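Protein chains in written order, with the working numbering: chain A, 1 to 368; chain B, 1 to 368; chain C, 1 to 330; chain D, 1 to 330.
Hints are not guaranteed to be accurate.
Said to hold, decoys possible - Quick list of in silico lysine-lysine cross-link-like pairs, DSS-like style, CA-CA up to 27 Å:
id, chain 1, residue 1, chain 2, residue 2
1, B, 338, B, 322
2, A, 338, D, 317
3, C, 317, B, 338
4, A, 338, A, 68
5, B, 296, B, 322
6, A, 296, A, 312
Unchecked claim - Some chain D residues flagged as far from chain A (calculated, every beta-carbon gap over 12 Å):
id, residue
7, 62
8, 303
9, 328
What the hints contain is simulated information worked out from the structure, not anything from laboratory work. Computed from a predicted model, the values in this text were never measured in an experiment. For each residue, glycine too, the CB sits at the ideal point set by N, CA and C.
Here is how the chains run, residue by residue.
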Amino acid sequence: MTTSEPSAETVVASFEVRRTCFVDADGRLLAELPAFARDAEQLQRMYRVMCEARAIDKKAVSLQRTGKLGTYASGLGQEAIGTALGLAMADEDVLIPAYRDYAAQFLRGVPPESALQYWAGDERSMNFPQGTPSHHDFPFSVPIATHIPHAIGVAYAIKLKKQQRVVVAACGDGATSKGDFYEALSSAKVWNLPVVFLVSNNQWAISMPRENQTGAQTIAQKAAAGGIPGEQVDGNDVIATRFVLERALKAARDGEGPRLVEALTYRLHDHTTADDARRYRSEEEVNQAWKRCPIKRLQACMRAIDCWDDEKETALIAQCQKNAESVAEAYLAIAPDKPVAMFDSLYETLPESMQWQRNEVCERGDGD
Amino acid sequence: MTTSEPSAETVVASFEVRRTCFVDADGRLLAELPAFARDAEQLQRMYRVMCEARAIDKKAVSLQRTGKLGTYASGLGQEAIGTALGLAMADEDVLIPAYRDYAAQFLRGVPPESALQYWAGDERSMNFPQGTPSHHDFPFSVPIATHIPHAIGVAYAIKLKKQQRVVVAACGDGATSKGDFYEALSSAKVWNLPVVFLVSNNQWAISMPRENQTGAQTIAQKAAAGGIPGEQVDGNDVIATRFVLERALKAARDGEGPRLVEALTYRLHDHTTADDARRYRSEEEVNQAWKRCPIKRLQACMRAIDCWDDEKETALIAQCQKNAESVAEAYLAIAPDKPVAMFDSLYETLPESMQWQRNEVCERGDGD
Amino acid sequence: MATFNTIEAINLALHFEMRRDEAMVVLGEDIGRNGGVFRATVGLLDSFGAERVIDTPLAENLIAAMAIGLSTQGIRAVAEIQFSGFMYPCLDQITNHAARYRNRTRGRITCPLVIRAPNGGGIHAPEHHSESLETTFAQIPGLRVLAPSNPSRAYGLLLAAIRDPDPVIFLEPTRCYRLFKQEFEDDGQALPLDSAFIDRDGDHVTLVSWGAMMHETRFAADQLAEEGISCELVDVASLKPLDMDTILASVAKTGRCVIVQEAPRAYGPASEIAAGLAEHGLLNLFAPVLRVSGYDTVMPLARLEQHFIPDVERICKAVRSVIEQAPIGN
Amino acid sequence: MATFNTIEAINLALHFEMRRDEAMVVLGEDIGRNGGVFRATVGLLDSFGAERVIDTPLAENLIAAMAIGLSTQGIRAVAEIQFSGFMYPCLDQITNHAARYRNRTRGRITCPLVIRAPNGGGIHAPEHHSESLETTFAQIPGLRVLAPSNPSRAYGLLLAAIRDPDPVIFLEPTRCYRLFKQEFEDDGQALPLDSAFIDRDGDHVTLVSWGAMMHETRFAADQLAEEGISCELVDVASLKPLDMDTILASVAKTGRCVIVQEAPRAYGPASEIAAGLAEHGLLNLFAPVLRVSGYDTVMPLARLEQHFIPDVERICKAVRSVIEQAPIGN
Ligand SMILES: Cc1ncc(C[n+]2csc(CCOP(=O)(O)OP(=O)(O)O)c2C)c(N)n1
Ligand SMILES: Cc1ncc(C[n+]2csc(CCOP(=O)(O)OP(=O)(O)O)c2C)c(N)n1
Ligand SMILES: [Mg+2]
Ligand SMILES: [Mg+2]
C-alpha cells in the first residue's frame with residue numbers, strides 16, 4: 001500500500017449498463033426469442049407496421065419536395081422503436097413522444113394525415129381523436145427535451161389517483177444534453193414514479209455526432225444520475241426493443257419505479273427536409289447504417305423461420321403504397337383553419353379586452 | 001437460460017464510486033497519512049485556518065442577531081472543505097465558489113470583512129483585491145447552481161490560451177438537482193476541460209434532506225452522466241479532503257480532464273440566520289453530527305501524534321477571537337456606497353439616454 | 001370579523017381551496033415541513049398530507065414542468081417559487097408549454113395552474129431576492145398575471161387564480177406580507193379576474209399602481225390631499241389582461257395620470273398603460289403621462305435599494321409637476 | 001462595390017472580426033461543420049478551426065453560460081441560438097449573470113459577449129421557430145438589444161455589438177435573411193450603438209419600426225406617398241437603450257406617429273415608444289399614437305401566420321386613420 005492509496009478508500013456504489021439484442025443485422029437469432037416473437041402473426045404485424053410507417057414517411061418527404069408540405073422530420077430507419085413502443089404500451093398509458101415516433105403515434109390512434117397536417121402548420125392536428133389512446137397522449141414538443149419533465153407531473157398525478165398507468169417520455173440523444181432531461185431523471189425516483197424514459201439514440205443531433213454530444217460513453221449510464229436502472233437495446237431489432245420496453249413498462253406498472261432505455265439506431269434521412277446531411281457525414285457511414293435497417297432485419301429473420309416470402313412481401317409493399325396514397329389524399333383535402341382560430345383556444349374564454357383583436361381578424365376575412 | 005433472459009444481454013459499461021477517509025470521527029488514523037499531513041506544521045496550519053474561519057463565522061452570526069448584519073449563511077461544520085480547497089488550489093487556478101466556502105476565499109485573499117460587507121448588501125464586497133488569487137476568482141452566486149456552467153467557458157478559455165490552470169466549481173447537494181449542474185457535467189469531457197466539480201454534501205438544502213433531493217444513492221455517481229470520474233470523500237476529514245482535491249487538481253492540470261468530488265459533511269447551523277432548522281430536523285441528529293465536527297477531529301488527531309496540547313489550543317482560540325473582533329471592527333467601519341454607484345458599473349459607459357436617471361439620484365443626495 | 005396580513009391571507013386561501021378541491025396540490029421548495037420560506041404554506045402538510053403538499057427538489061424548471069404535467073391531468077397545481085428572481089428557469093416551460101398547450105391542441109390539453117412568488121424589494125433581502133418580474137410574464141400570450149396589493153385582494157385573487165382554467169402567474173407584494181392587516185371573511189369568495197380596482201375617488205389626478213407600490217402611492221395621495229390635490233387611486237391588480245377601460249374612464253374624469261411602478265422603467269407595465277392612454281385617451285389628457293419607477297439598473301443590494309424603489313417624495317413630485325403643467329381648474 | 005443579403009452580411013461581419021480579433025470565438029449548435037441552420041457561420045470552421053468555432057452540445061442554457069465564462073476571461077464570445085424561440089433557457093444566465101457581473105463586481109468581471117438569433121416569422125417555419133422576443137430582453141437592465149433591418153445595418157451593428165464591452169442580444173430579421181440585397185463595403189466599419197436611423201424624411205406621419213417589419217413599413221410608406229401622405233421612416237435598430245430623442249424630434253416635426261411591430265401588442269417596444277411620446281411629446285401630438293402589431297395570441301403555425309403579422313394594408317389603415325383624426329394642414 002502506497003501512501004497515495006490509503007486502505008481507507010472503500011467502494012460505496014457500483015453500476016453496470018447492459019445491452020439487449022435478439023436478432024443481428026443479418027436476421028440471425030442470438031438467443032431464444034421471447035414469447036410474443038415466437039408467434040408468426042406477431043412478427044408479421046410488427047413488420048407491417050414498420051413498412052406502413054416507412055411508406056407514409058416516404059410520401060411525406062415527396063410532398064415536401066413538391067411544395068405540398070412544410071419542413072418535415074423523417075423517421076427513416078427508426079421505425080422499429082416506434083413500432084415496439086406502440087405495441088408495448090397499454091391503451092391507458094400516456095405517451096409523451098419525440099417527433100420521430102410516428103409509428104407509436106399511429107398505433108395509438110393518431111391519423112397519419114394529422115401528422116402531415118402538423119408539418120403543414122395546422123394546430124388542429126394536435127387535437128388527437130377521442131376514443132383512441134392518443135386522445136390522452138401529448139403532441140411532441142419542438143423545444144427539445146422540454147417535454148420530458150412533464151412526465152414527472154403526469155406520473156405524479158397518476159400515482160395520486162392510484163391508477164395503474166405508466167408514462168413514457170421519449171426523446172433523442174441530443175435531448176439528453178439538456179437540463180430538462182436530467183431534472184426529470186434525477187427526481188423520478190424520489191417519488192418512485194411510473195415513468196419510462198426512452199432515448200432514441202440515432203447517433204446524430206442535426207450535425208452533432210453522438211460522441212461530441214456528451215462525455216458519457218453511453219446514454220443509458222446517465223440513469224445513475226437518478227439512481228435508476230439504465231439499459232441499452234438494439235433499437236433496430238424490433239423484437240429486442242419491444243421486449244425491453246415491455247419489461248420496463250411492467251416494472252413501472254408494478255411499482256418498481258422509473259427506468260431509462262437507450263435504443264441504439266441511426267437517422268438514415270437528413271435531419272429534416274430543410275437539412276442536407278452530406279455537409280457533415282459521409283455517404284459511407286450512411287451506407288453502413290443501411291445494412292442495419294430494422295425492416296430488412298426483421299424480414300430476413302421472418303424468412304429464416306419461414307413465415308415470410310416474396311409473395312407476401314410484394315403484396316404488403318403494394319398495400320403500403322396504396323395506404324400512403326390515401327393518407328396523402330386525406331391530408332390534401334384538409335382546408336386551412338379559420339384565422340380567428342388563433343383566438344379561440346388561447347384561453348377557455350377570451351378576455352373581454354382582446355375581443356376587438358378577434359373582431360379585426362374576423363373583419364379582414366377568413367381567406368388563406 | 002429462460003426466454004426472458006437472453007444470452008444476448010451483454011455488459012457494455014460499468015462504474016464504481018469510492019470514498020476516501022484517513023482520520024475517523026475520533027481522530028484515529030485509518031491509513032498512513034499522505035506526505036503533507038505527516039508535517040506537524042501543515043496540520044497546525046490547517047487547524048488554525050479552520051478555527052479562524054469558525055470564529056469569524058460565529059462573529060457574523062452575532063452581528064446579524066444584534067441587527068448589525070443582514071441575512072447570513074453560516075459555514076459552521078463545513079470548515080474542513082474550504083480549508084482543504086484553499087490549500088489544494090494553485091494561485092493561478094480559478095475558484096467559482098459556493099457561499100459556504102469562506103475559508104477557501106480567505107486563503108485566496110478575500111478579506112473577511114468583505115464577506116460581512118456582502119451580507120450587509122454592498123456590491124463593492126465582490127471587487128476582490130488586486131494582487132491576490134481571489135482577484136481572478138468569481139463571487140459566489142445566489143441563484144443556486146447557475147454558476148457551475150460558467151466553469152465550462154472559463155476552462156475553455158484557459159485551454160484556448162494554453163494555460164496550466166484549473167477551474168474549481170463548487171456547490172451544495174441541493175444544487176445538483178438543477179439542470180445547470182448537469183449541463184456542465186455532461187459537456188465538460190467533450191472538450192476534456194480542466195475542471196473540478198466540488199459538491200459539499202451537507203445533507204440538507206434548507207429543509208430538504210439529501211435523500212429526498214434525488215434518487216441517486218450518492219452525488220458522486222452523477223459523474224457517470226458526464227463520463228467522468230466521481231468520488232466521495234469524508235468532508236469533515238480535512239486531510240482526506242485536501243488529499244482528494246490535490247489529486248483531482250493535479251489530474252486536471254495534467255490534461256486528464258474533469259472530475260467530480262462529493263465531500264460528505266453536515267450543516268451544523270440553520271440554513272441562514274433567516275431560517276429555523278428546528279422546524280424540520282431533530283436536535284438528536286444535530287448532536288450526532290457535532291461528534292463528526294472537523295475541528296474536533298483534527299485536534300484529536302494532532303493530540304494523538306503529539307503535535308497539539310492545551311496550551312497551544314488556548315493560545316489559538318484567543319488569537320482567533322481577537323482576529324474575529326478586528327474583522328468585525330473593519331466591517332463596521334465601512335461607509336455605505338454612494339447611491340449613484342448603481343449606475344456607474346452597469347455598463348462600461350452609461351448610455352446617454354440614462355444620464356437623467358443618474359442625475360435624479362444625484363440630486364436626491366447621497367444620504368443612506 | 002378577523003383581521004389578517006397578506007401572508008396570512010394567502011395561507012388562508014390555500015387552506016380554503018385545498019379543503020374545497022380534492023384535486024388541488026401545492027408544490028415547491030421547502031413548502032411542506034418548513035411551511036415555506038415566508039410561511040405561506042404553514043399548516044398545509046399537517047392538514048392535507050405529503051401527497052398533496054409536495055416538497056420538490058431544488059429545480060425551478062422542474063417545478064414549472066411538474067405543475068404543467070399535473071395540471072394536464074386535471075390536478076390544480078399551485079407552485080411556489082421562493083423569490084421571483086428565481087423564476088427565470090421557469091420561463092421556457094411557462095411560455096412554450098403552460099401558455100400554449102390549450103391553443104396548440106385546440107383545447108384538448110389545458111394547464112389550470114398557478115405559480116406564486118414574492119415579488120419586489122424593500123426588505124433588505126440578499127442578492128436576487130428583490131426583483132420585479134411583471135413584464136417578464138405579462139408579455140406572454142396565454143397567461144394571466146396578477147399582482148395583489150393587500151390582504152383581501154391577495155385572498156380573493158388567489159382563489160380566483162386557482163379556480164381559473166388557464167395558467168396564472170401570481171406575484172405577491174413581498175414587503176407587504178406582514179406590513180399591515182385587513183379585516184375580511186375567510187368565506188372562499190373569489191374576486192373578479194381581469195379587472196382593476198378603484199381604491200379612492202378623486203378629481204384632479206389618476207394615480208395608477210399595483211402590488212406593493214400601492215402602499216406608497218396611497219401615502220402620496222394622502223399627502224397630496226393636504227395640498228388640495230385630489231387623487232383617484234387605481235389598483236391595476238391584473239397586469240394581464242390589463243383593464244385599460246377602468247383607467248381610461250378615470251383619466252377621462254381627471255385629465256391627468258401618473259403611474260407608479262417599482263420595476264425598472266423601460267418596458268414596464270407603466271409604459272403599457274401610458275401607451276394605452278396615448279392611443280385611446282389622448283384627447284382627455286391635459287398633461288403628459290408621467291411614470292414614477294425604478295431605474296433602468298440592476299436592483300441594488302440592500303444598502304442602496306431604497307434609492308431605487310420609488311418613494312412618497314418621488315410620487316408627489318411627479319403629481320405636482322403634472323398639476324403645474326396643467327393647473328387645476330384651467 | 002459588391003451587394004450582399006442579410007445572412008451574407010452577418011457571415012462577413014463574423015469573418016472580419018474573427019480575422020481582426022484573435023480573442024474572438026463563435027459557439028452554438030451546428031455552427032461548425034454545418035455552417036449554422038441558416039448558414040450564418042459558413043466558412044468559419046475552415047478559416048479559423050474548431051478551437052475558435054465551437055459546436056456545442058444541445059443546451060441553450062449551457063451555451064449562454066459558456067459564453068459568459070469565456071467572456072469573463074477576455075474572450076469575445078459570439079453565440080448563436082438557432083431560433084429566438086429557443087432563447088428562454090438562456091434567460092436566467094443572461095439576466096442573473098451576463099447583465100450583472102460588471103455591476104456586482106464593480107467592474108472587476110465583465111461579459112463582452114453577443115448572443116445572436118433569428119427572430120420573427122413569415123417563413124412558414126415549424127412551431128416555435130417564428131417568435132418575437134424583443135421585450136423579453138429589452139426590459140433587462142445591463143443589456144443592449146439590437147434588431148437590424150437590412151444587410152448593411154446587420155453588418156455594421158453586429159461589428160459594433162461584438163466590439164462592445166458589454167453583453168448584447170442581437171435579434172436578426174429571419175424573413176429578410178435572403179429577401180433582398182444591399183451594396184456595401186466589407187471594410188469592418190461598425191455602426192453607432194444606441195441610435196435610431198431616419199430612413200426617409202417625411203412631413204405628415206412618423207412611421208416607426210425595426211427589424212423585419214421595416215420592410216412592410218417601407219412598402220406602406222411608398223403606397224401612402226401615392227395618396228399624398230408623406231411618412232418619415234424611423235428604424236429604431238436599438239431596442240435597448242432606446243433612442244427616444246430621434247423619435248421625439250421626428251414627431252415634433254410630423255405631429256403624428258404610428259409604430260409597427262410584429263410582436264404581440266401588449267408590453268411590446270411599440271408601447272415603450274408610445275409611452276415616451278405620452279410623456280415627452282404629448283404637446284406635439286395632433287393625433288393618438290397608434291400601434292400596428294401582432295395580436296396578443298400565441299404565434300400561429302405556418303398556415304395562419306400571415307393573419308398575425310402586420311401587413312401593408314394594416315399599416316396603411318392605421319396611418320389613414322391618424323390623418324383622418326388630424327387632417328393634414330389643419
Ligand atoms: C431547445 C431547442 N434547441 C434547438 C432546437 C433545434 N433542433 C431541432 S432538432 C435538433 C437536434 C435534436 O437531436 P436529437 O435529440 O438527437 O433528436 P433527433 O433529431 O436526432 O431525433 C435541434 C438542435 C430545438 N428544436 N429546440
Ligand atoms: C435558483 C434558486 N432557487 C432557490 C434558492 C433559495 N435557496 C437558497 S440556498 C437553497 C438550498 C441550497 O442547498 P444546497 O445546494 O445543498 O446548499 P447548502 O445551503 O446546503 O450549502 C435554496 C433553495 C436560490 N438561492 N436559488
Ligand atoms: Mg439524435
Ligand atoms: Mg446542502
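Going back to the hint list, which numbers does this structure go against? Hint check: 1, 7 and 8 fail, others pass.
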